[in-house]
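Student: Make a model of the complete structure from these sequences and hints.
Number of protein chains: 2
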Amino acid sequence: VTSTQTHKERFFLELKKTESMVRDYLLADRQLERFGPGHIGELATAYIRRPAKRMRPAVLLFTCGATGGDGRVAAALPAAAAIEMTHTWTLTHDDLIDRDEKRRGQPTVHVLAQNRARQEFDYDSEASYLYGQRIAILVGDAQHAWSVALLLETPCPPVDGCVVHKIVGILEGQVVPDLIGGESLDIQYERADIEGLPETDVVRMLWLKTGVLYRFSAVAGAMLGWNTSDADDPRVRALGNFASHCGTAFQLQDDILGIVGDEKTLGKPVGSDIREGKRTTILLHAFANSLPEEKQLLRRVVGDHSASASEIAEVQRLLDRKGSLEYTARLARSYVEKALPHLEGLPSSPYRELLEAWAAFVVERTR
Amino acid sequence: VTSTQTHKERFFLELKKTESMVRDYLLADRQLERFGPGHIGELATAYIRRPAKRMRPAVLLFTCGATGGDGRVAAALPAAAAIEMTHTWTLTHDDLIDRDEKRRGQPTVHVLAQNRARQEFDYDSEASYLYGQRIAILVGDAQHAWSVALLLETPCPPVDGCVVHKIVGILEGQVVPDLIGGESLDIQYERADIEGLPETDVVRMLWLKTGVLYRFSAVAGAMLGWNTSDADDPRVRALGNFASHCGTAFQLQDDILGIVGDEKTLGKPVGSDIREGKRTTILLHAFANSLPEEKQLLRRVVGDHSASASEIAEVQRLLDRKGSLEYTARLARSYVEKALPHLEGLPSSPYRELLEAWAAFVVERTR
Chain C
26 VTSTQTHKER
36 FFLELKKTES
46 MVRDYLLADR
56 QLERFGPGHI
66 GELATAYIRR
76 PAKRMRPAVL
86 LFTCGATGGD
96 GRVAAALPAA
106 AAIEMTHTWT
116 LTHDDLIDRD
126 EKRRGQPTVH
136 VLAQNRARQE
146 FDYDSEASYL
156 YGQRIAILVG
166 DAQHAWSVAL
176 LLETPCPPVD
186 GCVVHKIVGI
196 LEGQVVPDLI
206 GGESLDIQYE
216 RADIEGLPET
226 DVVRMLWLKT
236 GVLYRFSAVA
246 GAMLGWNTSD
256 ADDPRVRALG
266 NFASHCGTAF
276 QLQDDILGIV
286 GDEKTLGKPV
296 GSDIREGKRT
306 TILLHAFANS
316 LPEEKQLLRR
326 VVGDHSASAS
336 EIAEVQRLLD
346 RKGSLEYTAR
356 LARSYVEKAL
366 PHLEGLPSSP
376 YRELLEAWAA
386 FVVERTR
Chain V
26 VTSTQTHKER
36 FFLELKKTES
46 MVRDYLLADR
56 QLERFGPGHI
66 GELATAYIRR
76 PAKRMRPAVL
86 LFTCGATGGD
96 GRVAAALPAA
106 AAIEMTHTWT
116 LTHDDLIDRD
126 EKRRGQPTVH
136 VLAQNRARQE
146 FDYDSEASYL
156 YGQRIAILVG
166 DAQHAWSVAL
176 LLETPCPPVD
186 GCVVHKIVGI
196 LEGQVVPDLI
206 GGESLDIQYE
216 RADIEGLPET
226 DVVRMLWLKT
236 GVLYRFSAVA
246 GAMLGWNTSD
256 ADDPRVRALG
266 NFASHCGTAF
276 QLQDDILGIV
286 GDEKTLGKPV
296 GSDIREGKRT
306 TILLHAFANS
316 LPEEKQLLRR
326 VVGDHSASAS
336 EIAEVQRLLD
346 RKGSLEYTAR
356 LARSYVEKAL
366 PHLEGLPSSP
376 YRELLEAWAA
386 FVVERTR
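Protein sequences, first through last, are from chains C and V.
My numbering applies: residue 26 is where the first sequence begins, and numbers increase by one.
My numbering applies: residue 26 is where the second sequence begins, and numbers increase by one.
Hints should not be assumed to be uniformly reliable.
[As the list claims (entries may be wrong)] Derived contacts from chain V toward chain C, CB cut-off under 7 Å, selection only:
| hint | residue |
| --- | --- |
| 1 | G61 |
| 2 | G63 |
| 3 | H118 |
| 4 | L163 |
| 5 | D166 |
| 6 | V201 |
| 7 | G206 |
Note that these hints are calculated values from the structure, not bench results.
Just so you know, even glycine gets a beta-carbon here, dropped at the ideal spot from N, CA and C.
Tutor: As structure tokens, then:
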């Protein structure tokens, strides 16, 4: 127990270290120069300036260290920053797509731009709304380009140029299309009949939206650590599968927190996932196990953007009573159990322990 | 005269060849597989399936050939396709930002997605409008990633991996931020007082929106042709400057065609640049040279989305009478004159002649 406790403490310590390294890397003057005058640069770094876990760069760095390539962990920092920026541009665009107003407890990019148009440029309400939308598209595009440029900052040597080349190719040729495929399914499922939606489709959608980028974090970390351009190397694939399963578990836990979490820890209003009608395995389970009058409640409240606090609370109680939250928690744990064997080929090391601690964390976390 | 005539004919012939090579490369099954099921792939290739000049890839290939690296022109095809895709993703997002409904005579990406939502998914009018907007954001993102992936398909050998590396870094680290800076200025200038806007600012904005990508086309073509990763090589810079000036001239001519061109050749409604209040050197000249009552006409019609056909015709006549169209035509020619000396260091070759023919074309073209 003491050892596990220590692992956990060290995990949080290392996570904090990654967070501050990635943040410093991204907010360096040298980085911000690329944006020129205007507020694009300020908006492009808004989410980076807010406290966050920076889980994806941590997985990349831990995986790189776990390959035994300890000396290459420093060289992996630009790639770690790149993956955080990839995640960030998808957030900027997804927030716009979902018309979300808050991210990490503060206004989303399109809302920031909208506020500025109203306050500084004196635009009227409609013009500032449109301005916010238009600028957020451009900010996400600038962040996307930045993520690629960051990856190309990987120092060669010690890393081979063709390793970087291959990693960029995987990111832009495979990972981003998958992320976009996941987001576009999410948009379509929003209006699909929940009872007609198979659980495998929902899990696949959240794997595309989350698991794929976690898998990439580990694959890139492993390729950098072993300095190999062979993404099909069984050792690289094993680490990719590990992170892929943990990423899916992470997202399942996210869905649970989206129901039971509070505004302070989540940074977005309580029950917003219910109001948005987000398709989750929790809801699917609840529909499959509810009586007609319970289904009626779900049909009425889920997806109703103006649902009252008491209606939200009623749905939360139903999801708890039906065991739907526990069902998804179990599902998340099963993914972690599928993940762990993929670490078996790795030598023992402090970095391997960090990966194990991460696997435990993804289903234990409350924020 | 006969020789010039022949150069011109060969230019159009080679342009047509480039167009079909780039089109075939982008529409190959292998390329489309990345998008998976759903209509993202169909929308991502919509503009590619329509007739277009594909001027940027042509400049890249002609420049590559003009370096004397004739044998490397074939190896430059993925980069040529990449640059067309870079241009295409900016069109997808710009069309959405500008709420334009037509591109190359057919519906823009967000309108295509909106139509599909209404016809196939049976969404109501508001839901399908929103769906179109959301999907167009994702399609542009997918195209952006695709452009990077295409560039990485450059065969190494004959090209060095670090040359490709450097070209991707310039595109995503410098060119895209510039393009976005230009677009964001365009959005801001839309609401700026035309008379308070210096011509240098407007020219800089259109250089950012157009000249920068033409410069990159030539820089990438030259780096591939000479197989050098040194973007500061004076020979590379000279070709970049040549294309940069011609690109600005191209855009100035575009502004002229935006006033005098007809719907059939432009693919968008007559006078749409006037209705949108697009800030051009033509308008700036007209304002600077108009009497109070003429300014009143301009102020009333320019930027009025519901201006009548007769009001548009009245503004067109005023711009002609004031010599504003001729003023901008002269400005465009002056950029071409600044461009040509940058070709002087190049050996004579059929490719150099194609670049010269392109320089003549950018200010002569009527479509």
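Student: The structure should be examined with respect to each hint, and the outcome stated for every one.
Tutor: Evaluation of the provided hints:
1. About 5 Å separates the beta-carbon of G61(V) from the nearest beta-carbon of chain C, less than 7 Å, and the hint is met.
2. Hint status for G63(V) relative to chain C: holds, with the closest Cβ pair at about 6 Å, below 7 Å.
3. The interface hint given for H118(V) holds, since its Cβ lies 5 Å from the closest Cβ of chain C, which is under the 7 Å cut-off.
4. Interface hint status for L163(V): upheld, as the beta-carbon distance to the closest one in chain C is roughly 5 Å, under 7 Å.
5. For D166(V), the suggested interface contact is upheld, since its CB lies about 6 Å from the closest CB of chain C, less than 7 Å.
6. The beta carbon of V201(V) comes within 4 Å of a beta carbon in chain C, closer than 7 Å, and the hint placing it at the interface holds.
7. Of the supplied interface hints, the one on G206(V) holds, with its beta-carbon coming within about 5 Å of a beta-carbon of chain C, less than 7 Å.
The structure shown violates none of the earlier numbered hints.
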